[in-house]
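Asker: Below, each chain spelled out in residue letters.
Protein chains: 2
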Amino acid sequence: MRAVVLHGYGEPDVLKFEDRPEPVSRDTDILIEVHATSVNPVDTKVRKTGGGAARALPLILGYDVSGVVVRCGSRVTQWKAGDEVFAAPNLFRDGANAEYVAIDARSAARKPVSVDHAMAAALPLVCQTAWEALHLRARIQPGQTVLIHAGAGGVGHIAIQLAKLHGCGVITTAGRDESIAFCRDVLRVDEVIDYRTTDFAERARELTNGKGIPVVLDTVGGEVFLKSLDCASVNGQIVTIVGSNTADRGRGLLYRNVTLHYEFMGIPTAQEIEPELPGQILAGIANLVDSGLLKPHVSHRFPLERVADGHRQVETGHTIGKTAILVRP
Amino acid sequence: MRAVVLHGYGEPDVLKFEDRPEPVSRDTDILIEVHATSVNPVDTKVRKTGGGAARALPLILGYDVSGVVVRCGSRVTQWKAGDEVFAAPNLFRDGANAEYVAIDARSAARKPVSVDHAMAAALPLVCQTAWEALHLRARIQPGQTVLIHAGAGGVGHIAIQLAKLHGCGVITTAGRDESIAFCRDVLRVDEVIDYRTTDFAERARELTNGKGIPVVLDTVGGEVFLKSLDCASVNGQIVTIVGSNTADRGRGLLYRNVTLHYEFMGIPTAQEIEPELPGQILAGIANLVDSGLLKPHVSHRFPLERVADGHRQVETGHTIGKTAILVRP
Chain X
21 MRAVVLHGYG EPDVLKFEDR PEPVSRDTDI LIEVHATSVN PVDTKVRKTG
71 GGAARALPLI LGYDVSGVVV RCGSRVTQWK AGDEVFAAPN LFRDGANAEY
121 VAIDARSAAR KPVSVDHAMA AALPLVCQTA WEALHLRARI QPGQTVLIHA
171 GAGGVGHIAI QLAKLHGCGV ITTAGRDESI AFCRDVLRVD EVIDYRTTDF
221 AERARELTNG KGIPVVLDTV GGEVFLKSLD CASVNGQIVT IVGSNTADRG
271 RGLLYRNVTL HYEFMGIPTA QEIEPELPGQ ILAGIANLVD SGLLKPHVSH
321 RFPLERVADG HRQVETGHTI GKTAILVRP
Chain D
21 MRAVVLHGYG EPDVLKFEDR PEPVSRDTDI LIEVHATSVN PVDTKVRKTG
71 GGAARALPLI LGYDVSGVVV RCGSRVTQWK AGDEVFAAPN LFRDGANAEY
121 VAIDARSAAR KPVSVDHAMA AALPLVCQTA WEALHLRARI QPGQTVLIHA
171 GAGGVGHIAI QLAKLHGCGV ITTAGRDESI AFCRDVLRVD EVIDYRTTDF
221 AERARELTNG KGIPVVLDTV GGEVFLKSLD CASVNGQIVT IVGSNTADRG
271 RGLLYRNVTL HYEFMGIPTA QEIEPELPGQ ILAGIANLVD SGLLKPHVSH
321 RFPLERVADG HRQVETGHTI GKTAILVRP
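Chains as they are written, first to last, in this note's numbering: chain X, 21 to 349; chain D, 21 to 349.
No lab work stands behind these hints, which were simulated from the structure alone. Ideal placement from N, C-alpha and C gives every residue a C-beta, glycine not left out. Certain hints may be false.
To be verified - Derived, one-sided and incomplete: chain D residues facing chain X with beta-carbon distance under 8 Å:
id: 1; residue: Glu211
id: 2; residue: Ser264
id: 3; residue: Leu274
id: 4; residue: Thr279
id: 5; residue: Leu280
id: 6; residue: Ala328
To be verified - To be clear about the criterion: a stretch of chain D counts as covered by chain X if any three or more of its residues have a C-beta under 8 Å from a C-beta of chain X, and this derived list gives those stretches:
id: 7; segment: 88-99
id: 8; segment: 283-296
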């Protein structure tokens, strides 16, 4: 099959379009003919440095897939050849930057019928991340105020919609005119903070009468993470999808009874912990999309042979929503 | 009334036994004739430095009470004069190192009848801490392995019993022969790790076939906290009652999808958040004590005028269970 292969870590031009054998399937796997995948920040991190975990080279990136089942393992009962599915492939196996990908059958769900494969492939990783962060970790409640950083980004634009669907008030941060307009006019966020001109932590405290924010989703890290810790309320929940450290904030967190969740969606299932969970979440996501309640936003599309350009786009940090990769255009 | 008063921060001899006016009661308060209180590490921290929060001097320490209701505020319906109650007084008002203390009526529960006031006063702060840490934060599940540090300590010896009552397997750490014997023979912990001779993180991984520990309760901080982060499993929960920082462990926590809870029991209620919660927890604790299922351990008793000796005892770090202060012997 044709695939984009990583033989060594580095800049986007290490990604090589070449022939590879079909993926090895397990008896709990489905083999999927890939129609579309996407680029997530985790692709660019693994490409650059391996992403901090032991991985054997060469490897194939691409941790989203929308496509058609072509073969089922002997223990797979819920799918048959011809089914259209979408899923987030295992972070520690070969991904979907290829004509075929093998994934655990339980991690897939029926592809939403109302969107094309490129739109469907924009969903799995960011939706699982946002769903797990808001519903399984922070356990958001109706009426709560949720601060979601980088609201125009991949995880951000989905998290905002999920929080609003649950009856939460949403505050978001953005730093470019285009991103601010997207958050305000397309996502219809209650309060968009322009972080170039406004201290978001101060503004967040002001908006909550000094009480601070009960739920913060940090997708940025660094100073944004630390200031998020500072503006969390008593009993506040902070979910970070970046591996930031608390610096010297521990005592403050104790005095506000704060909980800090480190969320990395693919880790448990990669270790066969709760293998049914991703498919269940994505089945719900497909329902939301087909009901018109959740809309992925794809701002860039590249063919598979130009996946390196997709990486370059994601690495600008300026993508509205997602960057899709078309494998069978 | 007679009280032990703090006029300035420092060593135990700053605690002065003297006459003070009766506490000011609010209309949601009960005024309690104090029979016993206890010394917790938070008393010694506030005495030494103020404990990191703004407090007006002079103040009265003592964040546990067992005693008798003498007067009820106009909005109090659930108590009457003569009722025997126990509670953890508000951390930001005058405490129970005195003949009388005023507390929010909702934070109290009926005193367990099967134990004396000194035993009852050993319970509130450590039981609320352990209950909130295990049940409200980590949401322990039957069959889970829970690592509880300093199992012979105030919070530790209660947390061990609560985790066992919930069907958890318990591992604890201790570092003196007397503490180890108490954990093994009195608390009947499944596995007591002598931290003088054994690396607890290594042993914890060994006991879980390399998977790590799903729930850790850290009552120690510093290196113990950092090594606790290191031995938490995928989806692991760490509860710390000390304001420790993550140092450089953020990335590892992300790669194991870990949640880190900072637990300080008195903070929400001091801010009128969930004011019913402490009383509800303590009502359950009283039932457990009167059923013989939960046993506080009081190793030292001092009269109120010797509360400074109680502080010295707690500051050794070598107390088995609790240090009680008898106000009406």
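Asker: Are leucine 274 of chain D and chain X close enough, Cβ to Cβ, to be under 8 Å, as the hint says?
Answerer: Holds, because the Cβ-Cβ distance from leucine 274 of chain D to chain X comes to roughly 4 Å (cut-off 8 Å).
Asker: Using 8 Å as the Cβ threshold, decide whether leucine 280 of chain D counts as touching chain X.
Answerer: holds (4 Å)
Asker: Tell me if chain X covers the segment 283-296 of chain D under the three-residue, 8 Å CB rule, please?
Answerer: Coverage by chain X holds here, the residue count being 6 at a Cβ distance below 8 Å.
Asker: Holds or violated: is there a CB of chain X closer than 8 Å to the CB of glutamate 211 of chain D?
Answerer: Violated - the Cβ of glutamate 211 of chain D stays beyond 8 Å from chain X, reaching only about 23 Å at its closest.
Asker: Please verify that hint: threonine 279 of chain D, Cβ, nearest Cβ of chain X, below 8 Å or not.
Answerer: With a closest approach of 5 Å, the threonine 279 of chain D hint holds.
Asker: Checking hints one by one. Is alanine 328 of chain D an interface residue toward chain X, by the C-beta closer than 8 Å rule?
Answerer: Hint violated; alanine 328 of chain D Cβ to chain X Cβ min 26 Å, cut 8 Å.
Asker: Can the hint on serine 264 of chain D be confirmed by a CB-to-CB distance to chain X that is less than 8 Å?
Answerer: holds (5 Å)
Asker: Verify the coverage statement for the segment 88-99 of chain D against chain X, using a C-beta to C-beta distance below 8 Å and requiring 3 or more qualifying residues.
Answerer: With 0 residues closer than 8 Å to chain X, the segment 88-99 of chain D misses the three-residue bar; violated.
Going down the numbered hints, you'll see the structure goes against 1, 6, 7, while the others check out.
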